[in-house]
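Listed in order, the protein sequences are those of chains A and B. Numbers 1 to 545, taken from my numbering, label the letters of the first sequence in order. Numbers 1 to 462, taken from my numbering, label the letters of the second sequence in order.
It is possible that part of the hints are untrue.
Said to hold, decoys possible - Restraint-style ranges between C-beta atoms, simulated for each label pair:
hint	chain 1	residue 1	chain 2	residue 2	range
1	B	Ala46	A	Ser170	34 to 40 Å
2	B	Gly309	A	Gly162	49 to 55 Å
3	A	Lys390	B	Gly309	25 to 31 Å
4	B	Ala305	A	Thr77	51 to 57 Å
Don't read these hints as lab results, they were simulated from the structure. Built from N, CA and C at the ideal position, the CB exists for glycine as well.
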Amino acid sequence: MAQIESADVVVVGTGVVGCLIAEQLLDAGHSVLMLEAGPRVERWQIVEKYRNLPPITTTNLDAAYPPTRWAPFLDSTSPLTAVDYLQLEGPNARAYRQDYVRYAGGSTWHWAGICWRLTPEDMRLKSLYGVGRDWAFDYATLEPYYTRVEEALGVCGPSDPGLQWPPIRSKPYPMGRLPFGPGEQKFTDAAARLGLKNLPAAQARNSGVAYDGRPPCCGNNSCIPICPIGAKYDAASSLPRIEAKGGKILVNAVVYRVETGAANQVQAVHYFDPDKQSHRVTGKLFVIACNGIETPKLLLMSADTRNPRGVANSSDQVGRNMMDQPKLVAEATLAEPAWTGVGPVQGSSIMQTSQGDFRAEHAGALFRFNNMARSRLGAIQALKTGLVGKALDAEIRRLSACTAELTIEHELLPDPNNRLTLSDKKDALGIPKPNIYYDVGAYVRKSAEIYSTPLVKQLAHEMGATDVRVTTEFTNSDHIMGGLIMGANPADSVVDVDCRAHDHPNLFLPGGGAMTTAGCGNSTLTMAALALKAADAMTAQLTHA
Amino acid sequence: MRARLIHGIAAFFVAWLALTALPALAAPDPLVGEGEYLAKAGDCTACHTAPGGKAFAGGLAIASPVGTIYASNITPSKTAGIGLYTRDQFAAALRKGIRRDGANLYPAMPYTAYAMFSDHDIDALYAYFMKGVPPVDMAPPPTRLPFPMNIRLSMTAWNLIFFRHRSFQADPAQSAAWNRGRYLVDGAAHCSTCHTPRGFLMEERSGLAFAGGQVGAWYAPNITSDKTRGIGSWSKPVLIGYLQGGVAPGARAAGTMGEAVEHSFQYLTPADLDAIATYIETVPPAGKAEASDRFSQGQAGSKLALIRGLSSTETNDATRGAMLFQGNCGACHAALGQGGKDGYFPALFHNSTTGAANSNLVATILYGVNRTTAKGQAFMPGFGGALTDPNQLSNHDIALIATYVRAQYGAGGPAVTDQDVATVRQGGPSSPLVLVARIGLGLGAVAAAIMIFIILKRRRSR
């Protein structure tokens with residue numbers, strides 16, 4: 001067992017959370033070493049991989065990111081590979097097939113770039129509606145971090161407070177909003193006729209101008225699985241800057257153990273290289289930034305005599321309260337073309353439907369027009385009809401233009417029974433695979449039944465749908481939250497208000513796992529805001545020490 | 001009566017106060033405004049303002065073939081800037097390249113061009129830099145060129161050989177616009193500083209005015225009136241449009257020219273731009289003969305059929321070049337290199353950057369384009385010229401892309417080598433001058449004196 005590296009701050013994970021923390025601590029003058037389980041690839045390689053996929057595979061949005069043998073993750077290439085890594089059980093097992101990437105740069109490689117904030121109400125579910133939990137701090141505490149993240153990522157958004165979500169902001173967005181494509185405009189108009197406001201999404205995407213050396217969006221409409229020009233923020237784009245500032249990035253280093261010392265401080269992490277040679281890395285502060293699945297897995301694996309239930313787990317809450325936004329989808333056939341696909345794959349949502357006193361009874365929901373170009377889906381569908389020649393062309397055109405997909409994402413409450421544990425099954429390095437029990441619960445099911453499904457049908461019809469099919473099986477939104485829940489009380493939460501483990505003074509577990517509640521919006525901005533809050537605490541801690 | 005008198009006296013005092021106080025506040029020295037315009041025409045900010053730094057506070061590192069020169073602080077700071085310069089000392093710096101302490105400036109400061117400045121314009125520039133620029137008390141790092149260039153006295157000899165201190169003499173046979181154009185082109189705008197090739201001792205080579213020269217990583221091409229080698233095919237409105245917005249058919253301003261458009265030319269009056277174009281149109285053809293012009297090479301096309309279905313590990317250099325192009329360039333410049341419909345992304349064929357065999361294609365890939373004018377921002381990311389660029393390509397991969405692009409869309413010719421890219425990445429070719437000068441010194445002062453004697457003699461016999 002060779003000890004090869006040491007740094008003031010050891011960051012496990014090179015996604016948005018790890019990179020924001022690494023850069024801030026480097027700026028403060030501390031040495032930083034980042035460990036990444038997966039490989040480092042160049043943007044053009046992913047772009048070309050994606051373009052070279054057989055058409056049918058391109059509907060699997062992670063197909064351009066094949067997992068390595070040593071850093072597996074969910075691979076939806078085939079039904080068989082899809083169930084190989086994540087071991088899922090419970091009434092809604094299918095709905096926790098979370099797509100994430102174990103590559104340098106992490107899952108922002110293939111995120112949509114959407115940057116919703118939580119609302120003040122989203123953070124006070126228990127006191128306002130008697131459900132879920134309250135956060136340990138309020139929106140006003142989080143707001144300055146939201147603003148800083150928007151500047152760090154380069155978020156564009158509307159300057160009109162009437163179009164902002166929520167319109168409680170200390171600074172304008174760094175860039176103005178992107179315009180709607182024709183499909184999103186039709187959806188916005190339809191919503192308005194029903195008294196609903198479809199808001200332009202705040203998004204980490206350059207609108208009209210360059211930001212941080214990245215060009216303005218030119219509408220390639222392939223944000224998922226990759227922005228070919230880097231107009232959308234992804235953490236991979238910050239890796240060269242981190243290195244230029246003196247940070248070290250070690251890839252293909254699969255951390256499998258967090259080692260504690262006599263005072264229960266963390267004193268090292270251990271990683272396997274692809275040949276399963278073990279290495280030990282020491283430091284002053286440790287950050288595990290592998291989000292809500294890989295981080296709890298690593299903590300549970302690291303159980304020792306001082307921490308028999310796993311590192312940071314005296315509360316028994318590590319791996320519990322797993323959250324996402326359970327998704328339903330409406331497929332609509334339209335009388336008139338919607339011209340989906342102009343601009344980014346997502347650009348707006350109806351957010352007001354996530355709020356209301358009904359939250360005492362059932363979940364709120366977000367409604368979104370999916371702006372991913374439908375030519376590929378139209379072509380696959382048209383080929384199944386057996387048509388040929390001009391008739392096939394015409395059918396491809398019709399299906400591409402005159403169909404639409406509306407998405408519903410529901411708010412899920414933190415429930416300790418939705419739980420990640422270590423499976424008996426092992427990966428290629430002998431590391432246990434994650435096992436997750438998942439039930440969306442009555443709160444979400446009731447919403448789908450009496451609230452969200454009826455409303456999405458209304459929206460589709462208002463858009464001119466001649467036929468609407470709404471799915472009934474919930475699917476994943478890929479917004480992994482919970483697993484390391486934050487709270488003031490060490491008895492029922494894993495981390496404190498700075499994402500510091502209650503049990504270990506020098507261990508930080510920032511990101512989606514720490515989120516106390518989920519809201520209906522995409523989770524990245526809140527994950528990143530928590531990262532910066534943790535980074536402030538870490539800087540203070542190192543200065544104090 | 002008495003009360004009226006007192007009112008009258010009070011009114012007089014108010015009026016007197018207003019008269020004495022107002023000129024200083026409301027009617028600033030008109031020379032300051034003139035000087036500000038001339039400072040823009042001279043593009044002083046290009047060198048004397050560091051990126052993100054305070055205006056004219058210096059500090060920009062200028063990579064020269066003989067080493068890095070740091071631009072000086074030219075704010076009126078008395079400690080770090082030029083606040084202690086008298087008008088005549090200021091004039092000597094601009095027109096003779098002599099500092100207040102008597103030391104010589106390096107000709108990175110284009111005093112050989114600024115020598116043209118009229119006395120009146122010197123007065124205006126002095127007024128602007130003393131009264132119109134806020135002082136910044138921050139000294140930039142000192143310039144330390146390698147021996148023997150660090151001996152500024154060597155510049156005295158250089159000036160003796162190459163510097164002809166000429167004031168501007170109008171040519172009565174030419175129009176007023178032509179004369180104004182020549183005053184600006186050869187003076188403030190110092191076009192020849194970049195566009196005229198430099199000789200062994202960094203002097204502008206005579207007989208090759210505006211025939212094209214290397215400026216660090218970038219190549220300032222031939223802008224003589226020759227229709228093939230130069231820009232003789234451009235009409236006056238095309239040249240004026242290029243100076244204002246950096247865009248002409250088949251040409252985009254990037255690198256140092258992009259900066260000149262952004263910081264200088266876009267602010268010039270239509271009359272001055274017309275004057276510049278009037279004069280440039282008459283610059284006699286010069287430079288190496290070319291078989292074809294750089295604006296009309298190549299055509300749309302792709303090698304997609306060769307690479308679809310391959311993985312990036314299955315490529316050879318030829319297919320890898322095509323794949324690198326599609327993966328890095330194709331999303332904006334389009335699969336056939338045809339660019340975008342609105343012209344924001346230029347086509348790669350009929351494009352002077354790909355249509356000539358100089359360093360600009362590699363420089364554009366490494367450093368990108370970032371040019372902001374009244375018409376908006378034109379931006380292309382760099383691919384590794386800066387360590388912080390989001391995408392970092394190796395010298396080899398950039399060489400493959402450049403070779404592919406030039407063959408597919410441009411001038412063709414020999415493959416771009418890894419070494420070509422390395423040279424541009426280090427800021428352009430370095431001069432053998434330092435080494436040669438050291439050897440020269442080793443041989444002794446006598447040899448050097450003989451060399452100078454011979455050069456002087458040659459110059460006189462021309």
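Now for the hints, and whether the structure bears them out:
1. B:Ala46 x A:Ser170: 34 to 40 Å: Between Ala46 of chain B and Ser170 of chain A, where Cβ atoms are some 37 Å apart, the hint holds.
2. B:Gly309 x A:Gly162: 49 to 55 Å: Because 50 Å falls inside the window, the suggested range holds.
3. A:Lys390 x B:Gly309: 25 to 31 Å: At 28 Å between Cβs, range holds.
4. B:Ala305 x A:Thr77: 51 to 57 Å: violated, 26 Å
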